[in-house]
Amino acid sequence: MSEVKMKPIWYFVGLILIVMGGIIFLSGIYQFIDPPETKTVLAETHPAIWWGAIMFVFGGIMFLKTRKETV
Amino acid sequence: MQAIGLSIVDWIIILIYFVFVLGIGWYLRKFTRSQEDFFLAGRKNSSWVAGLAFLSANLGALELLGMTGNTFKYGMYVAHFYWIGAIPAMLFLGIYMMPFYYSSKINSVPGYLKLRFDEKTRVLNGIAFAVMTLLVSGINLYAMALVLHTFLGWNWDVSMWVSAITVAVYVGLSGLMSAIFTEIIQFFMIWFGLFLVSVLGIIEIGSMKEIFARINEYSSQVSFTTLWSTASDPTQNGMFIHWGGIVLGLGFVLSFGYWTTDFLVVQRAFSAKDLRSARMTPILASFFKMALPFLVILAGLIAIALSIDPKSGFELLQDGGKVNYDSALPLLIARYYPSGLVGLGVTALLAGFMAGQAGNISAFNTVWTYDIYKSVINRKASDAHLLWMGRASTIAGVFISLITAYWAKSFPSIMDYMQAIFSWVNAPLFATMLLGMFVWWITPNGAFWGLVAGMSSSFFMWLAVKFHWFSESIITMSSTQSDMAANFWRAWWAWSICAAITILVSLFTRKRPKDELVGLVKGLTEDKYDQHLPFTKRPEFVAIISLIVLVILNIMFW
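From first to last, the protein sequence lines are chains A and B. For what it's worth, the working numbering labels the leading residue of the first sequence as 3, then goes sequentially. For what it's worth, the working numbering labels the leading residue of the second sequence as 1249, then goes sequentially.
A couple of the hints might just be wrong.
Covered stretches of chain B (in silico footprint by chain A; criterion: 3 or more residues with CB under 8 Å from a CB of chain A, positions within the stretch not fixed) [as the list claims (entries may be wrong)]: (1) 1428-1434; (2) 1447-1460; (3) 1631-1645.
Derived from the structure by calculation, the hints contain no laboratory data. Here a beta-carbon is modelled for each residue, glycine too, at the ideal position from N, C-alpha and C.
Generate the whole structure from the sequences, applying the supplied hints.
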């Protein structure tokens, strides 16, 4: 019987950043198309779009680099 | 007043976090088969995993809110907590103390006291640590509910029970490993969730230089933007403290007491796969620790710069006429974060609270199981029984934390005693550890009575000031002081009393033979580690780089 090996923590960090970053990015796009009535300070810089994208890319790199690794 | 409103996207982000940490606990349970898996995460972590967990165990949300608020109150002097108040101690732990801890294959810090001294010293420290851990865990739980209630309008009971049950489930399933996994996820949540506040603050104000200029222009008498240049006169800095208090109280006793002896953080290094990884654990963590002021201190300075500009519309909340300094960070989140990012910011705070609680509970279950239960109650307990006891004490620890949280809710002033609790237990313990590891003739009776004297004198000083038996200025040796300054000086005196009594009693009591202390005391132990590695791969080399960065940062913000 082959023993199941554990995934490294970086795999899970990558996964959660991809999911959260993706959702934040998409919500930023939605707010860009349909701006909310109450605006935050610096809303014109659309932080949800670029910060969500940074999270998604960072998480994606971690996920792809560790998806086949076990510890 | 409710500062932050949540949209459906924010709720989804928060829900994802809860599903994730519970899922990780469930996933890891199949890799938790023995007591070593449960209490020490199988001793198979790399230095990066153990290092980030080492740092994150200390990085609770209470600290993030509190330190941002403290920066608003005291200015940049709060950065001393992250630099001189942490880095030398972390490097000392990695270079000098870790070999004794790790090589003796102990399961906990009180376990070292048993090997070096005797059972009574171990049990005394084990009980003090277990009580402190549960008190801190309960107060953290209450603080979390308070923050969520104040800023999000959430129900007290629901907040406390949901987070407590979540922690009980994932720590109960897979022990230290799931605590470490969630701590590392928390680390990334905090950086991604809160660093954007500093980025957007700099964009709004213009530059870091402009932030400093605005604060200096507003406060020309007392400096809020320097680290050392006003430290020779307590009336000239926001913390009202002399450099002696910073160096001796914070930089030496409190810092070394916490970072080198508090099992909550040291346990993460015990989970490393080998001695080199264990030594590298606090050294790697030191770099991330040094970066934290760019998150919390900078956010606090941005809050000051905004609040002194009437056009910004930024003002901290008031509670019963008193400024609520802890509101600085939530108000900045509300100011800058649109829907989605608010959920991330709240998740970062929630993750900080829950990981902090999980850290306390995983340290508690280890100390309870090994240093109290196995040591005093059931010496012949089997491996399987200890694993069961670890799980049972996790549930019991969470339940006692909940009771403490409700107690804190009835007496909110207990929150003010958090820092004091650390100085009762950790400051004297550091004297015991330091003498025990570096002086062979320190005796078991010397260590025990020194520890008793240090802990009780620290508690007495706190009581005496609280009930006005004598003036705080006797402790701080200055007519101008803050609560923070009093904490630093009390820690220094508790350490000194513990050290003096330990040495005095040791001079007149029976010493242990030198051959029994090999591997436990410097000078009696082979202390050439990692000599086979090239110098650039050794922990000492990385520690030197860390020290250089520390010096540069202190000079930059002198």
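Structure-based check of each hint:
1. Using a Cβ-Cβ cut-off of 8 Å, 4 residues of the region 1428-1434 of chain B lie near chain A, which meets the minimum of three, so the contact claim holds.
2. Remark: the region 1447-1460 of chain B is confirmed as covered by chain A, as 3 of its residues place a Cβ nearer than 8 Å to a Cβ of that chain, reaching the required three.
3. Requiring three or more residues with a Cβ within less than 8 Å of a Cβ of chain A, the coverage given for the region 1631-1645 of chain B is violated, as only 0 such residues are present.
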